[in-house]
Amino acid sequence: MTGFLGINHQLISSVKVDSHKFNRIQKRGQMVILNHCGIELRTIAWFVDSHIITVRKWISRAKAVSDLCDQKRSGRPPIHTEKTQLKTIAFYCQVSPLPGCNTWSLRWAENYLKDHSEIIGYSISHSTIQRILKRHAIRPHLHKYFLAITDPDFFPKMEPIVELYLNQPEHLFNFDECTGLQAKSPLAPQLPVAFNKPRYEEFEYSRNGTTDLMAFLNPKTGKVFGRCSPNHNTKTLVRVFKEHVNTLPSDAPLHYIMDNLNTHFNDKFCKAVAELSNVSYDPLKTGFERRQWLQRENKRIVIHFTPFHGSWLNMIEIWFGILNKKCLKHQSFQSVQLLQETIEEFIETWNKFFAHPFTWRYTGEGLHEKAITRFNKLLFIESKQMDIKFLTKQLLLMSNIAKTYYKKVHTKVWKQLHGLIVDKKDYINSIISAATKERQLIKAQKALDQLNALMI
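Sequential numbering from 49 applies to the sequence shown in my numbering.
It is possible that part of the hints are untrue.
Each computed DSSO-like pair below joins lysine-lysine, with the alpha-carbon atoms no more than 30 Å apart [said to hold, decoys possible]: (1) K494 <-> K456; (2) K432 <-> K451; (3) K400 <-> K271; (4) K374 <-> K245; (5) K494 <-> K473; (6) K437 <-> K192; (7) K473 <-> K463; (8) K182 <-> K75; (9) K460 <-> K494; (10) K205 <-> K290; (11) K268 <-> K283.
Bear in mind the hints are in silico, worked out from the structure with no lab data behind them.
Work out the full structure: start from the sequences and follow the hints.
If you want it as structure tokens, here you go:
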């Protein structure tokens, strides 16, 4: 048994095998181990789901030559060698294979390779391309959205929000606007569900106007306060905000989580917060100063701002998804008024029957390392989509993580970042030098120098 385990470890560590081959070797190893433990051959065959002759064969082979790999067989050598497969993968996974075409399809690739056989060495069928991709677990036809971290101060801003969720005050509310909700009506009536048939919907529709929704979610109860309006300017925000505050106890401390839309820290909104909190407010010039004032804890109403491009930290977005799925999707609205009435009715139904606490458990663990790993990947592939604004923000983000959260990231990830900053120097400098504004160039160069100083 010791000999077998040594062979198996050697195979795993030094031989590059595909998943099917590894599974076969693993199954044969199970046969040998079970036999060594005194299990009968018939029981072993049942356990590994193989014929008893196969079990006997591999046990004998292991005892004789201590080898569980397939021996070379006679016959034609494989057509698609490892080199050919890698060429096929490199060809099919190109980002822009032809002018104006961003991806291949299997049949397009097959037809193109028939006329350009020099790429692979010969023509290849679409089914063979599919098998090669499947064998290597590559699925370039799939895509998934994600929200990149672009705020250099993302983590210092995230921590207070997470702390609020984990230790919720009595009156905490998530606020946001859901804008541009369309009152759409199909050009033909729907056909209802029939036996073994789905509901049929006309794909063309007419637009009958739009409305905005301002909504407040109480994560402790899950109840929603919402108002529809033709716009979401500062005047409307102040009116709806005051209406919501007036539904709450007059002496209760209130906490609101919002994003960084300019109306959320407008001077008029600050005056409204001061009035409702019964404190004085002297007009402030910059948005940064106004946000700082709104976040102060020395007044009744405290506004907590999520990081820029960090909408996933606002739980009202979850409820907006529920609204779309349960109320708006697949519905017909002949007018804006009907759309507004339907939304208001849905809010009443939600609060009466379906409202539930929204529990937040995520602490941000592992996100620091993920942010660096993603930036490493973008540097490694030398992405053409990287512009100077995004690069500058990422360099500043890396510097801030290195200053404050260095221990939260594995050492090998920091080494990878350092190596890539050195190896991709020309790529980074090409982005910086392409800046159209001198201010952008200076800011990017300063961010790069700052990160280089920390990496030494």
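Hints versus structure:
1. About 25 Å separates the Cα atoms of K494 and K456, which keeps this hinted pair within 30 Å; it holds.
2. Between the alpha carbons of K432 and K451 the distance comes to roughly 29 Å, so the proposed pair stays at or under 30 Å and holds.
3. Of the pairs offered as hints, the one joining K400 and K271 holds, with about 9 Å between alpha carbons and a cut-off of 30 Å not exceeded.
4. Between K374 and K245 the alpha-carbon distance is near 21 Å, which keeps this suggested pair within the 30 Å criterion.
5. A hinted pair counts as satisfied when its Cα atoms are at most 30 Å apart, and K494 with K473 qualifies at roughly 15 Å.
6. A C-alpha spacing of about 23 Å is found between K437 and K192, which places the hinted pair at or below 30 Å, so the restraint holds.
7. For a cut-off of 30 Å, the pair hint linking K473 to K463 stands: about 15 Å separates their Cα positions.
8. A C-alpha spacing of about 22 Å is found between K182 and K75, which places the hinted pair at or below 30 Å, so the restraint holds.
9. Note on K460 and K494: the hinted pairing holds, with a Cα-Cα distance of about 25 Å set against a maximum of 30 Å.
10. The straight-line distance between the Cα atoms of K205 and K290 is roughly 26 Å, inside the 30 Å bound, and the hint therefore holds.
11. For the given pair, K268 sits about 29 Å from K283 by alpha-carbon distance, which is consistent with the 30 Å threshold.
Of the hints listed earlier, there is not a single one the structure fails to meet.
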